[in-house]
Every structure is written in C-alpha cells, then in structure tokens.
Amino acid sequence: MNGAKQSIPAVHRDVVVIGGGPAGLAAAIAAKEAGCGDVLLIERDRILGGILNQCIHDGFGLHTFKEALSGPEYAARFIDRFRELGIAAMEETIVLSLSSDRVLEVSTRGTFQRIEAGAVILAMGCRERTRGAISIPGHRPSGVYTAGAAQNFMNLENIMVGKKVCILGSGDIGLIMARRMTLEGAKVEAVFEILPYSSGLPRNIQQCLNDYGIPLHLNTTVTDIVGKGRLEGIRVAQVGEDRSPIPETERYIPCDTLLLSVGLIPENELTRDAGVEMDPVTGGAVVDDSFMTSVPGIFACGNVLHVHDLVDWVSVEAAEAGKYAACFVREGSCALPSPIGVKPGSGVRYTLPQSVSGERDVTLSLRVSAPWRDRCVVVKDEGREIARKREMRLHPAEMIRIDLKKETVSGCSSLEVTVE
Amino acid sequence: MVQEYDVLVIGGGVVGCAIARELSKFRVRTAVVEKEMDVGLGTSCRNSGVLHAGFNYAPGTLRAILDVKGNQMMDDLCRDLKVKIKRIGKLTVALDDEDEATLQRLKEQGEANGVPGLELIGRERMQQIQPGVEGTLALHSPTSSIISPYGLTIGLAENALANGVNFHLGQRVTSLSPLAGGGWSVGTGSGETFTAKVLVNAAGLFSAEVCRMAGITDYVIYPCRGEYYVLDRRLDGTLKALIYPAPKKNAPGLGIHLTPTVDGNILIGPSAEYLNDPEDHGCTSDVMKELRREGRELLPEIRMTDYIRNFAGIRPKQTPPEVGGNKDFVIEDRKDVLGFINLVGIESPGLTSAPAIAGMVREMVGKHIPLLPDPSFNPVRPGSPLFFSELPAEEKAALIADNPNYGEIICRCEKITKQEILDAISNPLGARTLVSIKYRARASMGRCQGGFCVPRITRILRDEFGWKPQDFLKRSAGSPLFVGNVRPEKGGAVR
Chain S
6 MNGAKQSIPA
16 VHRDVVVIGG
26 GPAGLAAAIA
36 AKEAGCGDVL
46 LIERDRILGG
56 ILNQCIHDGF
66 GLHTFKEALS
76 GPEYAARFID
86 RFRELGIAAM
96 EETIVLSLSS
106 DRVLEVSTRG
116 TFQRIEAGAV
126 ILAMGCRERT
136 RGAISIPGHR
146 PSGVYTAGAA
156 QNFMNLENIM
166 VGKKVCILGS
176 GDIGLIMARR
186 MTLEGAKVEA
196 VFEILPYSSG
206 LPRNIQQCLN
216 DYGIPLHLNT
226 TVTDIVGKGR
236 LEGIRVAQVG
246 EDRSPIPETE
256 RYIPCDTLLL
266 SVGLIPENEL
276 TRDAGVEMDP
286 VTGGAVVDDS
296 FMTSVPGIFA
306 CGNVLHVHDL
316 VDWVSVEAAE
326 AGKYAACFVR
336 EGSCALPSPI
346 GVKPGSGVRY
356 TLPQSVSGER
366 DVTLSLRVSA
376 PWRDRCVVVK
386 DEGREIARKR
396 EMRLHPAEMI
406 RIDLKKETVS
416 GCSSLEVTVE
Chain L
1177 MVQEYDVLVI
1187 GGGVVGCAIA
1197 RELSKFRVRT
1207 AVVEKEMDVG
1217 LGTSCRNSGV
1227 LHAGFNYAPG
1237 TLRAILDVKG
1247 NQMMDDLCRD
1257 LKVKIKRIGK
1267 LTVALDDEDE
1277 ATLQRLKEQG
1287 EANGVPGLEL
1297 IGRERMQQIQ
1307 PGVEGTLALH
1317 SPTSSIISPY
1327 GLTIGLAENA
1337 LANGVNFHLG
1347 QRVTSLSPLA
1357 GGGWSVGTGS
1367 GETFTAKVLV
1377 NAAGLFSAEV
1387 CRMAGITDYV
1397 IYPCRGEYYV
1407 LDRRLDGTLK
1417 ALIYPAPKKN
1427 APGLGIHLTP
1437 TVDGNILIGP
1447 SAEYLNDPED
1457 HGCTSDVMKE
1467 LRREGRELLP
1477 EIRMTDYIRN
1487 FAGIRPKQTP
1497 PEVGGNKDFV
1507 IEDRKDVLGF
1517 INLVGIESPG
1527 LTSAPAIAGM
1537 VREMVGKHIP
1547 LLPDPSFNPV
1557 RPGSPLFFSE
1567 LPAEEKAALI
1577 ADNPNYGEII
1587 CRCEKITKQE
1597 ILDAISNPLG
1607 ARTLVSIKYR
1617 ARASMGRCQG
1627 GFCVPRITRI
1637 LRDEFGWKPQ
1647 DFLKRSAGSP
1657 LFVGNVRPEK
1667 GGAVR
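In the order they appear, the protein sequences are chains S and L. Position 300 of the first sequence, counted from 1, bears residue number 305 in the numbering used here, the numbering being contiguous throughout. Position 457 of the second sequence, counted from 1, bears residue number 1633 in the numbering used here, the numbering being contiguous throughout.
By construction, these hints were calculated from the structure, which means they are not laboratory data. Any given hint might turn out to be false.
Some, not all, of what chain S presents toward chain L, calculated at C-beta under 7 angstroms [said to hold, decoys possible]:
| no. | residue |
| --- | --- |
| 1 | THR113 |
| 2 | GLY115 |
| 3 | THR135 |
| 4 | SER140 |
| 5 | HIS144 |
| 6 | THR368 |
Each computed SDA-like pair below joins lysine to any residue, with the alpha-carbon atoms no more than 20 angstroms apart [what the hints assert, rightly or not]:
| no. | chain 1 | residue 1 | chain 2 | residue 2 |
| --- | --- | --- | --- | --- |
| 7 | L | LYS1511 | L | ILE1545 |
| 8 | L | LYS1465 | S | SER140 |
| 9 | S | LYS233 | L | ILE1545 |
| 10 | L | LYS1465 | S | ILE199 |
| 11 | L | LYS1465 | S | ARG248 |
| 12 | S | LYS233 | L | ARG1651 |
The beta-carbon is built from N, C-alpha and C at its ideal position, and this holds for glycine as well.
Please work from the sequences and hints to get the whole structure.
Spelled out as structure tokens, the structure:
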C-alpha cells in the first residue's frame, strides 16, 4: 500500500510514540532515559496527558507516588519529566496510517508527512463501548451519552448534559460520573449493572455511590429508550442467568439523561493496519516479555494493549515498553526468542504477555473471570507449580500482577495461570 | 407576510428535492416546505441506499418505468452533484427450484422493463463475483448500485438552492386552502403563509394527510418500519456485490439482506413491521435479535464488536398488512382538485426513481404554468464526492499545505478534518443540527459514535460560531443536547 505514496519523502525518527496519555508519556520518558536520543511523541489533542486531563477526581498515583493525585496532577508529574528531558512532541497531530515496515502517515495543522520509525510504541489508549455495540433497543433521542463523553463535556467544556440521570454499567467512569453529576446538582436515580457484581473498583462503589445514597441495581439492564427528541425515560428489567431480561420485572424510569459505562475497547485500528497479531480476549496486540508485538520494532503498552484498572500500572508497563524500544533501535533487536507461551487457565480471563523468553524477569498481568474470596492464583509449567499468589479478594475489575524471576521461568516450556 | 411562489413542493425528501432541482432549470419561483430542520430526514435517510435495476416491478407500472429511467439518469446526476455512487451490481440468488423459476420470471420481466445487462448465472460465475455465496442460480443485474441516499438528497437540494429555489425548513404544513381564481394558500404550524399556483404533494409518509388537507380522501398510508444494523468498516470489502434472496410472494419488502454502503459499512436489514405511528423510528429487541441471527448466517465473520449502530426507516405503504405486497406509485395531476400534483406511496424504488419522477412532475407542472428554460441554470454543485480521507497522500499534503484546517482531524474514526466540519456547519441550506453535520461530513458515523468528535464539534461551534449550550440540537427542536453550563461562564471557556 505504500507504493503510491513514495512521492512524499519520509523523515527518519528513532522511536516514535503514538499517544500522549499516561502510557505514551511513560514510554517516551523511559526510551529517552534508556539512551535513545531521538524520541518523538505524537498526540492528537492540543495538550499532553490524554484522558487524565478530564479526570479531575483524585485517587491517581497511590502506588507510584504514595499520594492521591487528580488526573491532571498525575499527568503533570510525567509531563514535567518529559519536558525536562527535552523530548520532542507533536501535539494536534494524528497518525493516519501505520505500515508493518514502521512508516507512519502523519497529519497536523499545516503539514502532512511520512515518518520512518526505528521503533514504534503504540500507546493510543482505548475508547468507550457505545450503545450500538451493546444493542440497546428503543428510540435514539439526545441525552444518551457515554460516561467519558459526559465527563469531557462537564470537566473540560463546562457543559451540563442533563439533570435527571440514570447510568447503565458500573464501570469506574460511570461511578465517578454519578458522584460528579450529583455534586453539580443533578439527580442520579440509579446505576444499573447487568452482571451479578460491579465492574468498577470497590473504592469507587463506596465513595461515589454509597456515600451519596445512589442505588446500584445488579442483574439489571436497560430494555428500552423512550423519547423522540430528548430522552424522556428508560425501561429497565432484571435479567436471568442467561442475562436476558425478565419481562415481568420491567419498569419505567423517567429521566433526561442516560450515561453508558459499559466497557472500554482498546483503540487498535492502526495496529491492525500494520498487520499486528491481535488477542481476541484483550482486544490488544499479542506481545512478548519486551512488549514487542508480532511485527518487529512495533511495541504496545497501556490501555491499547489491555484495559487497566489503575493508571499506575499503565505507567509501569509503558516504561518497560519504552526501555525495550530504545534497545531495539540501539541493538537492532532486543527481542529474545520467546518460546514459552503463557495461557489463561481455569478462572483466568487473560494473561499478558502472551509469551516469555525465560531470559529476564517478567511481570504477568492478568484478570480473573469472576469474583472470588480467598483463592490462589497459581502459575504452572506443564502442571508443575512455579509460583503462587494468595489473594483475600479476587475481582474481575481488578488487575492482578505476578512477578516472576528469570530463574523461575528459565527452562519452562509452557505456562498456564489458574485460580485455585 | 405571505410568501408567493409559482410552485410549492411539500416535503424535502429525495423526491421533493429532485422535483425542486428539476424545476430550478426553469424560470419559475419554486420553494420547498419541510417539517424537519433539514432535508432528507425522513425515509430518505433511513433506507438501504440501493439503486434498483428495475426487474422487480410489473411492466408498464410507474415503478418499472420510473425506476429504470431514474437508474439510467444517476451517473450524470451524481457526477454533477458530487454524490457517491458505486455500480457494484447485484446477485439475486436462488436456493431451490421455486426460486429458480422466480429468477427466470424476473429476468423476463426486467427485460420487458428495459433493464440492461440481466443475466442468469451459475455457481461458478456467482463465486467469481462474490466468493462464498450460496445458491444454485443467480440473476446478475449490473445496474443495481449503491449510493449515499442522504448525499443525493442534500446534493439535489443544494443545487436547487443554488439555482434559486427557496427552502423553508422546520415548517410543518397544517392547512391548504384553494384561492379564488386559482392557486393555493398554505399555512404552517409556525404561522407562516405561502401561496402557490401549483402544489406538489411529496410528503411521503404524510402524503395522505396532505391529501386530506386538500379535500382528497382516496388514500391511506400504512407505515411499515424496517430496522437495520450498521456494521463497522472493518468488514469493508467483504461484499463485492449486492446479494439478495429471491423475493417471496407478497412479502412487504425484499427480505433481510446485507448491503454495503458507499462509505464502507455494511447494513443488515431491513425488517418489515406495520405500525400506526409514522414517526416511530425505534428499534425493538426481537427484531434486533433476528437481524443479528440473520446477519451471522449471511456473514459468519461478524463479531459482537462490529455492531456500531441501529436505525429504522419507515416505508409509506398503500397496502394494509392483511393484503401485503406493494401498490404502484400514485403520481397524478388531480382533475378534481386543480393545481394539486399528488404523489402518494412513493416507497421503494423511490430513491432510484426520484430523478425520473421529477421529470414526470415537471411535465405536469408545465400544463399549469409556462416553463421557460432558465439559461443561468448550473447543473454542477461545487466540491468533491470524496472525503479528505479518501484522497491520495499527495492531494492530502497539498490540501493541508494550502489550508491547515485539513490537517486537523476532528472525527478520529472516519478521519474527518476540521475543514470538512466547518463546511458542513456552514452548509448553504442553513441546517444547524448535529445530524445535519453528520449527514454532510460523516462525523460521528464511525465506531465510537461521536464519543470523540462531538465534544470537539461542540467546541468549534462554541468558540468559532458563538453557540451557547442551549443552542445545540441533535435533530429536531425538541432534541437539545445540553441543559446549560456546569458553572457560570467567566469570560470564556474553561480551557
């Protein structure tokens, strides 16, 4: 596909980071600190920081900085370091395409250019699942927003989206917005969750719903959206074990706003363009223990790789990716053969990376498939246990990280992670 | 103040706009009155976007004649109006002997109608056209095509406007009174009054209602809803042609099928369900389930993440559910009600037929008032049928170098630039709602459904056009997007 486009000359850059949110910032900083002199970060918004800029609530950075920062404060710590290191950034710039030989077409106000990258770090984050993606029946009035879009309107644009609010989905953004809208004078009627448990962090259930008397109805979903102009109300019903609505439980709730917090989807269109192998469960790329994808020199980290629960882990993971990308540029390749596959077993939804080399320490990131109390996450090599982590509380909303030493993994042939 | 016209077209759908554009070739004062805040917001924007070849209609009927003629006119029309059209052809597929007999009959019927290029083809040719298609025999119709239905409607309207037609948007006609000495007085819900020597009823779903205002009680419209799914552009290129099942007797439509759109999506639908409310565009759980089931059967690679939106359109049928099937278009110059050109039941293939219907209506108008050609008529609408994202890299680079607004992407999913958004906001018809921007610039039609671009479009409208939160409407006056500011504005934006 590049044949016809050769007439626009390409500029060479060593490491190009796509996305200036927490992942991109940490990756760019790490690449620079690892000795790569030529790092370029491309951000489509006017300012760096990504989605953190609209997250004006606190609770960011508890692990990394041991204090509760707001989103913009957390971002500022990284942006300051980024500036200190003199890393190049192109804001208001969008990557239109990425090829498997790491050529990017980049569009910005005033210029269109081709960039040939020594290594590419994908850090585009994720987008929200929409009404269409979950097939909610009914009319299509105004007043139905994804929670993140409503957050953007409120916190960045000073625009109030509604007064009488229902929320479908108990993802963290929805919970945060329940509190935010309540604080600004809206009446939040309830949060509805189709699953038998919340998909948000327990601390957010407490701080955003319980503290404000907002009810959370589990096993409940929206069955109809009513209103030809502006939203007039919704119908909700309890669901059975197959998650289908039970008609006799249906009830009508008048409201002018419905916020959807029904999941996040890694934003991998560029990744697919480049021919990167994808993991159908995470929605992100398949990576090895250097965060390199199936296409040499293309790395992935943060929410574009898999949706994280805490930004702290995004930063940690992205720093690794940045370090290995710098190494790839310096040494031609840092990729060690990664013959040891890592697979999710019983009780585990996914594990990451999908393969490891056995030549370096590695952290496995994983999510469990259902909530449990007092269980162990066990890593086995063909049936032989090599690591075990006991957790008093396991929850699909929370990411679990297991550190494995090089010596533990070395010589293994195939790892499986299970909940026991 | 009464606004006086020679011809007043009631209804700004694709048919009304085609008529207006046709009349704009002549020295007559023409206007369109439309109840919605933009043209094409009824059935014209809620359909499969297919141009039919014309073999499905009985020879001699208006549907047969006007469809075949309209289809032939489309290449020139789309070239002039900068509307996307793709002549991808269609396979109507037989699964059994009964279907094969149907195809044979359709081929003969099509040939009698003057449809060019019809061919019955076997499995091998079918596979060459569309790998993987199931069936024993297929009728290949090369003139079956896909088009942007709202693109065509907007193109016709803007060209009509450029050639002197007035558009009165957001005006619902509520009364028609004959004037002494000929002509009509037309009242609208917002209190405007228009007069015209000739009225054209192109009100689609509301055509029978407009008839009754003129004292004509012959017609009943039975709204018949068709629901659709829109699929992600990930599957673009999967369908090389339109693939339809052989039609079944007395079915209200052509059956559920997959239709590629000119912009790279795939539609699943439409269903067919009679209802009472001609404006109930809701989607229903049972039909959605059925569409998903049929969609997966036709295209197994559909994943849950490929569903990006649902919509529904409503066919203005003249046949009640117990009768089924279709009746021919009514296009008449009433002898009992003078100066009233009446179009009723223009359902499928109304989109394909629109330019030919316009020609027929122009002849009828010419019997009432003299139609002198206007030498200043310009058939060409400025612009390009392609979006920025569809241009080759060199052209993109040149446009950006010339105008930085082309370098700023506002809609990330469809890669729509700020300049395209600005053009859509400043559209000549003056339509100022979110859907008006959507149908022109395609922003918010992608997989994130506006999560990314709508806040950005909002910012442009506020910062560069001075809009207040309460000015933002989704589609109609009753569809405000926002309730106000979070806190009082202190000297501008928060940022």
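Taking the hints in turn, this is what the structure says about them:
For S:THR113, the suggested interface contact is upheld, since its CB lies about 5 angstroms from the closest CB of chain L, less than 7 angstroms. Against a cut-off of 7 angstroms between C-beta atoms, the interface hint on S:GLY115 holds, since the closest Cβ of chain L lies about 4 angstroms away. Residue-level restraint check for S:THR135 holds (minimum Cβ-Cβ distance to chain L is 4 angstroms; threshold 7 angstroms). A least Cβ separation of about 5 angstroms between S:SER140 and chain L falls short of the 7 angstroms threshold, and the interface hint therefore holds.
At a threshold of 7 angstroms, the smallest CB-CB gap from S:HIS144 to chain L is about 5 angstroms, leaving the interface hint in force. Against a cut-off of 7 angstroms between C-beta atoms, the interface hint on S:THR368 is violated, since the closest Cβ of chain L lies about 28 angstroms away. A hinted pair counts as satisfied when its Cα atoms are at most 20 angstroms apart, and L:LYS1511 with L:ILE1545 qualifies at roughly 15 angstroms. At most 20 angstroms may separate the alpha-carbon atoms for a hinted pair to count; L:LYS1465 and S:SER140 meet this at roughly 9 angstroms.
Of the pairs offered as hints, the one joining S:LYS233 and L:ILE1545 is violated, with about 41 angstroms between alpha carbons and a cut-off of 20 angstroms exceeded. Of the supplied pair hints, the one linking L:LYS1465 and S:ILE199 holds, its CA atoms being roughly 18 angstroms apart against a limit of 20 angstroms. For the hint pairing L:LYS1465 with S:ARG248, the CA-to-CA distance comes to about 14 angstroms; that is within 20 angstroms, so the pair holds. Of the supplied pair hints, the one linking S:LYS233 and L:ARG1651 holds, its CA atoms being roughly 10 angstroms apart against a limit of 20 angstroms.
Of the numbered hints listed earlier, those contradicted by the structure are 6 and 9.
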